[in-house]
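Those protein sequences? They're chains A and B, same order as listed.
Mapped onto my numbering, the consecutive letters of the first sequence carry residue numbers 1 to 318.
Mapped onto my numbering, the consecutive letters of the second sequence carry residue numbers 1 to 670.
Bear in mind the hints are in silico, worked out from the structure with no lab data behind them.
Among these hints, one or two may not hold up.
Counterexamples of contact, computed for chain A against chain B with all Cβ distances above 12 Å [unchecked claim]: (1) 29; (2) 176; (3) 265; (4) 298.
So, partial list: chain A residues that the calculated Cβ filter (under 10 Å) puts toward chain B [said to hold, decoys possible]: (5) 43; (6) 126; (7) 129; (8) 134; (9) 139; (10) 282; (11) 295; (12) 300; (13) 302.
Pair by pair, the computed Cβ-Cβ distance ranges are [stated by the list, open to error]: (14) A:11 with B:196: 55 to 61 Å; (15) A:292 with B:420: 32 to 38 Å; (16) B:552 with A:256: 33 to 39 Å; (17) B:600 with A:249: 54 to 60 Å; (18) B:552 with A:11: 15 to 21 Å; (19) B:490 with A:175: 56 to 62 Å; (20) B:490 with A:292: 43 to 49 Å; (21) B:196 with A:169: 27 to 33 Å; (22) A:290 with B:552: 24 to 30 Å; (23) A:290 with B:604: 41 to 47 Å; (24) B:568 with A:292: 29 to 35 Å; (25) A:175 with B:207: 46 to 52 Å.
Ideal Cβ positions, reconstructed from N, Cα and C, are used throughout, including at glycine.
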Amino acid sequence: MAMIAALAIQLAQMTLVVAIAPLLLGWVRTIKARVLRRRGPSPLQPYRDLLRLIRKEAVLAENASWLFRVVPYVTFAAIWVAAALVPTFASGLLFSWSADMIVIAALLGTGRFFLALAGMDIGTSFGGLGSSREMMIASVAEPAMIMVVFTVSLLAQTTQLSSIAAFMAGANVGVRVSLALVLVALLVVALAENARIPVDNPATHLELTMVHEAMVLEYSARHLAMIELAAALKLVLYLSLIACVFVPWGMAAAGDGIVAYLGGLVAYAIKLAVGGVLLALFETSIAKMRVFRVPEFLGVALMLSLLAVLLLFVSRSP
Amino acid sequence: MALLAALVLIASLLLTGLGAVGLGGRPAGRIIVYGAAASACSAMVVLAAITLFGRAPAQDLVLPLGIPWIGAHLRLDPLAAFFLLVVNLGGAAASVYGLGYGRHDSEPQRVLPLFAVFLAAMNMVVLADDAYSFLASWEFMSLASWGLVMAHHRTDGTAQAGCVYLVMAGFGTLALLLCFGLLAGVSGAYAFADIRAAGLSPSIGALVLALTLLGAGSKAGIVPLHVWLPLAHPAAPSHVSALMSGVMTKVAIYGIIRILFDLAGEPAWWWSVVVLVLGGVTAVLGVLYALMQHDIKRLLAYHTVENIGIIVIGLGLALAFRANGMMVPAALAFSAALFHVLNHMLFKSLLFFGAGAVLTATGERDMEHLGGLIHRMPVTAATFLLGCAAISALPPLNGFASEWLTFQAILVSPAVPQWGLKFLIPGVGAGLALSAALAAACFVKAFGITFLGRPRTAAAAQAREVDRFSLAVMSAFALACILTGIVPGLIVDALAPVVSQLTRGTSLPVQSAMPWLTLIPIAAERSSYNGILVLVFMALSGTLAAFAIHRLASRAVRRAPAWDCGFPEASPTTQYTAGSFAQPIRRVFGSLVFVARESVEMPPPGSLKPARFTVSLRDLIWECGYAPLAAGITYAADRVNHLQFLTIRRYLGLVFALLVALLLGIAIWP
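Put together the whole structure using the sequences plus the hints.
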């Protein structure tokens with residue numbers, strides 16, 4: 001019985017992240033529009049976009065190989081599995097032990113690897129441009145992410161997200177300089193990985209600046225829908241990750257009653273909403289960077305996270 | 001018993017080599033030699049597996065060969081058994097691959113005899129139990145592989161590759177010779193058992209460390225001794241490249257482990273600092289070099305440098321933990337390093353086989369002349385893709401499992417008492433993460449430019465899938481990459497006897513007893529990873545998504561010209577090339593490491609001259625290390641050359657002066 005309940009919660013979590021991903025995207029867009037004194041579309045617009053894409057006929061370039069058709073599903077699966085492993089409204093999920101934070105970072109890498117390959121499959125200059133820039137950004141963002149994982153897991157003595165959340169919610173964390181540095185680093189990495197504004201702008205089609213859009217330029221219809229959904233899912237994943245590590249309050253633990261789960265859901269919804277608002281505010285207040293400023297921006301994240309690890313040693317009493 | 005059987009198999013390999021000399025260039029020779037090598041290696045794999053999994057005790061044997069009254073000591077212990085397994089698995093695969101690939105060899109009589117001897121020599125190195133047999137087999141291994149590098153000696157660059165390889169191999173053996181001299185000490189007992197018993201003084205220990213890293217490290221390809229790899233590996237036939245890169249560098253790692261962890265006695269903690277720094281530098285520089293290459297085999301060769309760096313990082317961590325008496329973390333780091341040894345053999349051999357297939361099909365090694373091969377060579381493309389994903393450490397494949405273990409070992413490092421190590425190890429961890437991320441970029445480039453897009457030349461457009469032997473071997477290794485990736489716990493268990501030999505009896509908890517075959521190196525609340533579940537999850541969610549989409553969505557598909565933002569551009573030359581793919585990364589990292597400079601030569605308006613874009617890269621290690629050294633040696637040789645042309649009187653005078661100096665020296669010496 002307990003097993004079935006745990007399985008149900010795990011499945012609920014998996015469906016929840018997919019279901020709310022477009023909503024979060026729509027929410028961020030609505031807030032951005034409001035900040036710019038525009039009306040903006042409804043927050044439900046991304047759902048309509050996805051439906052519209054799904055109904056369309058897929059147009060494949062003549063040169064597309066089987067890889068091009070498989071990649072949307074592989075990328076989506078990798079990101080979905082990673083997202084399912086991050087505790088959202090409840091920690092201690094059934095399969096949370098099957099992978100830790102390092103695996104989550106690497107699964108995102110899997111998704112990116114295949115998407116970058118798909119960008120090169122058609123053999124146009126845009127796809128290659130997007131792929132090569134994406135890999136360049138990732139080559140700095142990924143080590144920064146791993147160093148963030150290092151800092152957090154050295155503090156909590158574990159790489160399991162559920163245990164990290166429990167540790168962070170506990171009393172013996174205290175205020176640490178390292179955690180502040182790591183938070184900044186993780187935010188920078190999240191911006192880069194999600195192709196958000198100072199790094200990339202998925203809303204434009206300007207050759208000089210685009211990264212992610214260039215890579216998926218040749219996709220259409222259901223394939224594009226999968227990729228868009230995966231991108232939205234990634235944003236949910238990062239927000240959940242930040243929430244889980246830095247504000248792990250209100251999460252239900254394994255074996256809690258229904259009330260705790262409902263409370264967890266409300267807390268999670270609030271966290272995502274606040275995260276979305278902050279993201280929108282940040283994006284409207286900053287300009288897009290030149291592509292070759294991005295490594296410097298990400299290098300700051302890498303340095304901060306490395307500094308956080310080293311500070312951890314100095315600050316900890318023996 | 002197993003040891004005797006192994007010796008018989010090695011002897012049969014040697015005989016095969018001898019026989020191949022007689023067979024010459026006849027087509028039957030290829031089948032006989034590769035067939036015999038494949039069966040001998042397969043038998044050896046079975047033998048090694050039985051020894052390893054059966055946890056057989058170490059076996060010794062002394063043969064009346066080699067130096068009189070000393071004989072050749074041989075020993076088959078778990079460490080040797082594991083490396084026998086790695087060597088012969090790679091050897092068997094390369095032999096079967098050679099059955100098909102060897103057909104295209106223009107001069108098989110140059111490859112066949114040495115191929116079998118090379119395999120025999122690598123097996124002998126692993127089994128040797130005294131310094132003389134070790135060095136003799138090591139030298140045999142070097143010379144046989146040198147002969148194989150020189151197989152196509154008329155091709156451009158091969159002669160230089162052979163020269164550099166010979167110099168580096170000679171230098172390495174010299175360093176090892178001195179190293180064993182120090183280890184044997186005044187007693188001069190060359191058997192490893194005596195060396196083990198003797199122990200070392202700390203000052204000699206430092207020298208032994210330096211000489212081991214120079215000697216075995218030059219064979220493994222540790223930066224800055226890696227310069228021969230990118231020259232030699234592309235020059236050799238592809239199945240030999242696979243052997244040299246996937247297997248011979250592992251034999252070098254075996255040498256490092258045997259000397260530093262087994263023979264040298266108690267290590268000092270600062271040894272690990274040297275090893276870790278070397279490992280970190282090797283990993284990052286190796287992959288950066290690889291990213292700059294357009295020749296697919298050179299790229300793979302440089303990538304071997306990176307993976308050796310990862311293995312060396314694991315060994316450095318093991319040293320650090322063992323020197324501080326932390327045996328469980330040491331066992332973890334060892335398991336990670338040895339697991340990566342196995343993984344690298346699997347995916348690097350697979351990738352070299354794939355590169356060989358591309359070479360057979362198109363005659364091209366330069367990625368800039370390839371493209372679109374996924375349409376013409378589907379099986380090669382699929383297996384190569386798996387190899388690329390595995391070497392880029394993507395879950396749930398095997399490269400990720402061993403890197404995950406290494407990361408876990410790094411995370412134990414705060415418990416190390418020395419402050420230097422505490423600060424160093426996270427830095428090395430950042431280097432490891434950086435090299436993993438760059439490796440992914442590198443293999444997106446390698447696969448994307450070679451197999452995806454549109455063909456850039458006629459050769460690529462008319463490529464044909466290769467023979468069945470090659471395809472079978474590549475598929476088998478691709479499958480092995482998946483299998484070892486999803487059950488890492490079983491591999492860690494299999495490594496337990498080897499690890500406990502190196503950590504004085506400590507090993508990790510038995511992983512096969514863990515629920516769901518989860519990999520739990522230390523404690524469940526600390527970290528765990530389950531490859532099977534990750535694979536099943538990914539497969540399920542991918543299928544579910546595909547199923548749902550195909551049920552709900554429009555299934556219509558239309559083929560049309562590429563949209564490309566509305567540019568109807570037909571020429572395949574407008575695609576991204578390997579150079580352009582690497583350009584952003586070159587700008588980020590290259591200006592520091594390679595002093596990369598880009599220059600654009602724009603003709604004035606009206607001129608019909610083409611505009612030129614040139615990139616200059618400088619190999620600082622070669623320019624600042626090797627080139628001045630070579631110049632110095634040439635200069636000194638020129639000076640000393642005069643001694644050749646003296647008169648007899650001057651020679652006599654010289655001898656007399658030397659004699660006086662010697663006698664004086666003896667007289668003054670207290």
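Do the hints match the structure? See the list:
1. 29: 24 Å, holds
2. 176: At about 15 Å from chain B, residue 176 of chain A clears the 12 Å cut-off, so the statement holds.
3. 265: 22 Å, holds
4. 298: 9 Å, violated
5. 43: 22 Å, violated
6. 126: 6 Å, holds
7. 129: Because about 7 Å separates residue 129 of chain A from the closest Cβ in chain B, which is inside the 10 Å limit, the hint holds.
8. 134: OK, holds: residue 134 of chain A within 10 Å of chain B, min 9 Å.
9. 139: At 4 Å from the nearest chain B Cβ, residue 139 of chain A passes the 10 Å test, so the hint holds.
10. 282: 24 Å, violated
11. 295: Residue 295 of chain A check passes; min Cβ-Cβ to chain B is 4 Å, inside 10 Å.
12. 300: 14 Å, violated
13. 302: It holds, given that the least Cβ distance between residue 302 of chain A and chain B is near 7 Å, below 10 Å.
14. A:11 with B:196: 55 to 61 Å: About 57 Å separates the Cβ atoms of residue 11 of chain A and residue 196 of chain B, which means 55 to 61 Å holds.
15. A:292 with B:420: 32 to 38 Å: 36 Å, holds
16. B:552 with A:256: 33 to 39 Å: 35 Å, holds
17. B:600 with A:249: 54 to 60 Å: 56 Å, holds
18. B:552 with A:11: 15 to 21 Å: 19 Å, holds
19. B:490 with A:175: 56 to 62 Å: 44 Å, violated
20. B:490 with A:292: 43 to 49 Å: 46 Å, holds
21. B:196 with A:169: 27 to 33 Å: At roughly 52 Å between Cβ atoms, residue 169 of chain A and residue 196 of chain B fall outside 27 to 33 Å, so the hint is violated.
22. A:290 with B:552: 24 to 30 Å: 41 Å, violated
23. A:290 with B:604: 41 to 47 Å: 29 Å, violated
24. B:568 with A:292: 29 to 35 Å: 30 Å, holds
25. A:175 with B:207: 46 to 52 Å: Given about 49 Å between the Cβ atoms, the range holds.
Checked against the numbered hints given earlier, this structure breaks hints 4, 5, 10, 12, 19, 21, 22 and 23; the rest are met.
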